[in-house]
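Take the sequences, apply the hints, and build the full model.
With our numbering, letter number 3 in the sequence shown gets 932, and the count goes up by one each step, no holes.
Quick list of in silico lysine to aspartate or glutamate cross-link-like pairs, DMTMM-like style, CA-CA up to 20 angstroms:
hint, residue 1, residue 2
1, Lys-1452, Glu-1216
2, Lys-969, Asp-1106
3, Lys-1162, Asp-1291
4, Lys-1062, Asp-1019
5, Lys-1351, Asp-1334
6, Lys-1178, Asp-1249
7, Lys-1210, Glu-1408
8, Lys-969, Glu-1467
9, Lys-1310, Asp-1019
10, Lys-1396, Asp-990
None of these hints come from the bench; they were simulated from the model.
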Amino acid sequence: MKPSLSRRGLLTSAAGITAGLTLAGCGDYRPVSAKAANAKAPLPSYIPYRGVPTSMPATADGVAAGHLHYPAHPVEALPDGPPARGPAIDIMTLIFNPVPPPVERNVMWQALNRSIGCDLNFQITPVADYPSKFAVTIAGGDLPDAMLMLPPSQNSAATPGMLDALFEDLTEHLSGDNIRDYPYLANIPSASWAPCVLGGGIYAIPMPRPLSGGPVFTRLDLIGKRGLDPNPKSWPEFFQLCQDVTDPKHNQYAMGDPITAFDTVMQMLGGPNKWRVEEGKFTWWFETEEARQTLDAVHRMTKAGVMHPDAYSVTGKVKDWFGTGQIVINPDGPVAWNDFYTMYAPTTKGFELGYMMAPGWDGGEGVQWQGQSYYGMLILKKAPKARVKQILRAMNALASPFGTDGFLLRKYGVRGADHTVKGSDPILTPKGQAEVTLPTIFATDAPFTLYYPARPEVVRAQYAFQKEAIERLVPNPTEDLYSPTNAKMSALLQKTLDDTRKGIMQGRVPLKEWDSAMRNWRKQAGDTIRAEYEQAWEARHS
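And the structure:
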């Protein structure tokens, strides 16, 4: 997930096509109460893969494993041969990268099909077009065997009634120790499985992502040139660092995105990760006093000139501003760590990344918001049991973990054509760079692994960040809960509120307008969303 459209960008674009998503309502699917929609189901047993030892192991609380090098002799992922022999499997999914060469000109794809035992027919849609593609496909009824579903909280078409009517309840195949038939799916942590439970059943396979969330990246090389401490201990020290690194004469500023600046300051204040729950009662993050204080703080940053001058008018440029040194502090996702080194280090002498843990506002420690534990889910259309099992065996193969030949094939293709080897590490060829964009990660995947063979020393820093982050994680208590009103309305309401909060942070709108915005939010949908989440919480915790 890297090139042109971020996850937040995708969800913003999805808000603009909500009308298209309502097409999926044509099926008259059975509406259910919030309590029924959030009925519990037994999760799959978590059985971590232990086949490749490392000095930086994964931990039960969410630290991802780190590896300095790929094993010289990868473990055979499928020792009994192709596991999913049978008819082809059609998979509808999305892509952020350019579409890879078709299977007849893609040796990686051909080898993947041979290893699995059937043709995987990926139906690939660019990420910006996928929400409408999903809605039209559901409404039309001509379903592929499997398709990516974005989280229900961001996708009004993903209702429990729709899933029950059209898609397979996988509970009997995957719950508890039943998952042992699919050991690589069992290696996916429980947190990633929890959102796959809707309406009392397991209706999907997750695409796991790391719990640590992303770092607040820093350009250590640029901060070091000024002899500054890259790890402020409080909000005043952070604000001073932002002023000290800002140098308009040389086109250098502290930060470039007011939204991620807001997130960073909120974590300094210990603000909630989207929602706060106390004894079953929910409070939205924008309703809190921490949010008001954060709006004022980012306005102070803007007024002080530490934000990039185009921060409020240009989108999609923040990565490049950071990589080229126009900004010095940039929160981003965990996969961006390797990307920044790959894209910018070769042309920037001394390029060095660091990370900043949010300090407490008045000192001590801030919090780290837990990252979403999954990107999306793979749902399977209703089919005979034998067919469902064939598809599950294929997905199990697509989740083969780091250190196996299956992982190596998915990520680096065929040796010679797609990659060469330096030591024991694969290095993609130009052909491989095009072919391995086949979006297997948007069907399912192995748990996130820290690995960067171009600069193995970077992995140690990444592992250190994960360990620090996990110790202060604040989860989003609604990640695995379903609110129909939130699914239908939150994206559009969020866009309106983002316009208001940007106006406040920029100084165009007075802070007192935030109170009015919150009253409108509560009246339009917020109180209903809150009530539905409270009912859902009761269903999951009773």
